[in-house]
Amino acid sequence: MKKVIMGNHALSWGATLARAQVIAAYPITPQTQVVELLSEMCASKKLDAKFIKVESEHSAMAACIAASMAGARTFTATSAQGLALMHELLHWASGGRNPIVMGDINRAMAPGWSIWTDQNDSLSQRDTGWIQFYCASNQEVLDTVIQAFKVSEALMIPSMVILDAFAISHTYEVVDIPDQDKVDAYLPRFNPPFRITPADPHAFGGLTGPENYFELRYKLQVDMEKAPALIEETGREYERAFGRYLGLVEDYRCDDAELILVTSGTAGYTARVAVDALRADGVKAGNLRIKVFRPFPFEEVRRIAGRAKKIAVVDRNVSYGHHGIFYQEVKSALYGHDHGVPVFGFITGLGGRDITVDSFREVAQQALSKPQPDREITWIGVKG
Amino acid sequence: MKKEKTMKLSLPVEELMTSGHLACQGCGATLAMRYVLKALGQKTALCIPACCWSVIDGPFPHSTLDVPIFHCAFETAAASASGLKAGLEMVGDTETTVVAWAGDGGTFDIGIQALSGAAERNDDIIYVCYDNEAYMNTGIQRSSATPYGAWTTTTPVKHFKNRPKKDIDAIMAAHRIPYQATANTSYPEDLFRKMKKAKEIKGTRFFHIYAPCPTGWKSRPEDTIKLGRMVVQNCIFPLFEVENGENYAINIKPREKKPINDYIRLQGRFHHLKDDDIRLMQDETDRNWERLLKRAEAK
Numbered sequence: 001m002k003k004v005i006m007g008n009h010a011l012s013w014g015a016t017l018a019r020a021q022v023i024a025a026y027p028i029t030p031q032t033q034v035v036e037l038l039s040e041m042c043a044s045k046k047l048d049a050k051f052i053k054v055e056s057e058h059s060a061m062a063a064c065i066a067a068s069m070a071g072a073r074t075f076t077a078t079s080a081q082g083l084a085l086m087h088e089l090l091h092w093a094s095g096g097r098n099p100i101v102m103g104d105i106n107r108a109m110a111p112g113w114s115i116w117t118d119q120n121d122s123l124s125q126r127d128t129g130w131i132q133f134y135c136a137s138n139q140e141v142l143d144t145v146i147q148a149f150k151v152s153e154a155l156m157i158p159s160m161v162i163l164d165a166f167a168i169s170h171t172y173e174v175v176d177i178p179d180q181d182k183v184d185a186y187l188p189r190f191n192p193p194f195r196i197t198p199a200d201p202h203a204f205g206g207l208t209g210p211e212n213y214f215e216l217r218y219k220l221q222v223d224m225e226k227a228p229a230l231i232e233e234t235g236r237e238y239e240r241a242f243g244r245y246l247g248l249v250e251d252y253r254c255d256d257a258e259l260i261l262v263t264s265g266t267a268g269y270t271a272r273v274a275v276d277a278l279r280a281d282g283v284k285a286g287n288l289r290i291k292v293f294r295p296f297p298f299e300e301v302r303r304i305a306g307r308a309k310k311i312a313v314v315d316r317n318v319s320y321g322h323h324g325i326f327y328q329e330v331k332s333a334l335y336g337h338d339h340g341v342p343v344f345g346f347i348t349g350l351g352g353r354d355i356t357v358d359s360f361r362e363v364a365q366q367a368l369s370k371p372q373p374d375r376e377i378t379w380i381g382v383k384g
Numbered sequence: 001m002k003k004e005k006t007m008k009l010s011l012p013v014e015e016l017m018t019s020g021h022l023a024c025q026g027c028g029a030t031l032a033m034r035y036v037l038k039a040l041g042q043k044t045a046l047c048i049p050a051c052c053w054s055v056i057d058g059p060f061p062h063s064t065l066d067v068p069i070f071h072c073a074f075e076t077a078a079a080s081a082s083g084l085k086a087g088l089e090m091v092g093d094t095e096t097t098v099v100a101w102a103g104d105g106g107t108f109d110i111g112i113q114a115l116s117g118a119a120e121r122n123d124d125i126i127y128v129c130y131d132n133e134a135y136m137n138t139g140i141q142r143s144s145a146t147p148y149g150a151w152t153t154t155t156p157v158k159h160f161k162n163r164p165k166k167d168i169d170a171i172m173a174a175h176r177i178p179y180q181a182t183a184n185t186s187y188p189e190d191l192f193r194k195m196k197k198a199k200e201i202k203g204t205r206f207f208h209i210y211a212p213c214p215t216g217w218k219s220r221p222e223d224t225i226k227l228g229r230m231v232v233q234n235c236i237f238p239l240f241e242v243e244n245g246e247n248y249a250i251n252i253k254p255r256e257k258k259p260i261n262d263y264i265r266l267q268g269r270f271h272h273l274k275d276d277d278i279r280l281m282q283d284e285t286d287r288n289w290e291r292l293l294k295r296a297e298a299k
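Protein chains in written order, with my numbering: chain A, 1 to 384; chain B, 1 to 299.
Since the hints were made in silico from the structure, they are not lab data.
A quick note: this is a predicted structure, and the numbers were derived from the prediction, not measured.
Hints should not be assumed to be uniformly reliable.
In silico BS3-like links for lysine-lysine, alpha-carbon gap of 27 Å or less [as the list claims (entries may be wrong)]:
#1 A/Lys45 to B/Lys202
#2 B/Lys43 to B/Lys197
#3 B/Lys202 to A/Lys53
#4 A/Lys53 to B/Lys199
#5 B/Lys43 to B/Lys199
Sequences and hints are given; from them, build the entire structure.
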């Protein structure tokens, strides 16, 4: 069934088709439509779930974690300040191995108050042990929610499905909504190996001394390392069922590219248009859109970006005192494998400033005009 | 023929708390758990945030209880219990009683937002606050449950706590929850009866249990039960229950209200207090008791 829906509703549809059983959420712009539609789905019994209308994002994540401990499939969605408020519990969810799926609408952090997009909210949660998917279209959002549950529940690691404020959240696109029975076949019921039940009483998360804690974290990393192969495998399975592949990265005209623009989120689709424009001007450009940020797709980035003559990473985020965060990560992936490919780092589009085809033209011009980066960060579009 | 002696037990023999716990001697919180579980039975699941009980139960992989425990974040006891109840119901378990089990810091202070949220929603949980009147697990720091006059490591004797204890019972009554009660391990039959009653009620139920802490109060472990008797007789911690935030019933009214002096003098945390300070505490106790009597009469 094809429907014209907003990006936020793509999250709600994903959670509904995945038959989420417990939803606990708190409203925040620009996430509200996600929970509004889910409230309606629950009220009309289209979705057989309990919706806990909590008093904060902190309680939202706490309730999701506990519901997951009971063996229920759980979903929530938030943005920016709400995600930051959850921070403590993001560690709790991954450390407790609760395969919660959460939508995060990328919104810039205050102050000053901003409701527009950038990635500093989700990237600040980089080290919390969550899988992070950065989406670029409404269709990808819906599909990824379903895939994320499958991956998360196989690994017992939570997932964040991330979309740009407004550029996706409030933008309407045609979305193919899969049939419920096909989704059920793709995503069977959640059946965790351990759960809280008086029938088999255990204490979960108790005091854990140095003799045990280390191994618990080691196992989390070992399972996180299984995610790339599993994402590809479940992505191919999704393609067989629904006709759309869901991978770790998406490359566009990279085969013979001399300059690869590395992007994430909706900037990736703008970059495709820019690639075509640059090629019309005689520049052999390509785009590598990184969809999965955690775990980082080392091999794909090395394989695709590593063969270009130059790489330009465009970040809609900043690690103050260091670089753009995708720039750091790409360099780290290429280190020791890069055959000396120069990697340039650009930052643009913070707080919802538009990233346009011209932004990428400037990126390309800067990267092509120098043999090596001559500064740590090149800012695009900063007013003088 | 020898006459057979029989003894009538007022509480079930079945124990859901076994040996091996890590509590200090004379710990009121430990007795509270034992009695509460006797009332609720095995089909119970606990959400325990950071508090003494997150240590008392024993380190991973041990547990002193025969019911499941979810060790949750400090400020999330109520939200975790709401989520656990919803999750259990969605996987087909509608019978298990879900209990948030938190200390006074996790209830009066850091957890009050989540507690207020759950109570306003009337989520189907029992919230138990065992009140030892300070952050005891972290080493005796003042909380908003610490009474006026008390020494703690953050309210040294030269600057003892100069504000009264927060009235958590009135705060919870203002939420109009179906049932709430105070309780005390020195009156186990009263605690048991009220917990049994609460188990049969749907919605948010709140228990405020007085829990002496010899370590933090500088009292003798063997005085724990005595202290619990005294606070009821001197009306510092009266035993009462409230239905729907309005209908107050006092469970035990002392025939003769005792002065608080003997109670104060049994605890090292009050040793620095002068007679004038104790008089202030007596005045506050009297005012609180009068207020409670009025509320109970008004029903």
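We went through each hint and held it up to the structure:
1. A/Lys45 to B/Lys202: Distance ~23 Å between lysine 45 of chain A and lysine 202 of chain B Cα, so the pair holds.
2. B/Lys43 to B/Lys197: At roughly 16 Å apart (the allowed maximum being 27 Å), lysine 197 of chain B and lysine 43 of chain B satisfy the hint.
3. B/Lys202 to A/Lys53: Judged against 27 Å, a Cα distance of about 18 Å means the pair holds.
4. A/Lys53 to B/Lys199: Holds: lysine 53 of chain A and lysine 199 of chain B sit about 24 Å apart, inside 27 Å.
5. B/Lys43 to B/Lys199: Holds, at roughly 11 Å.
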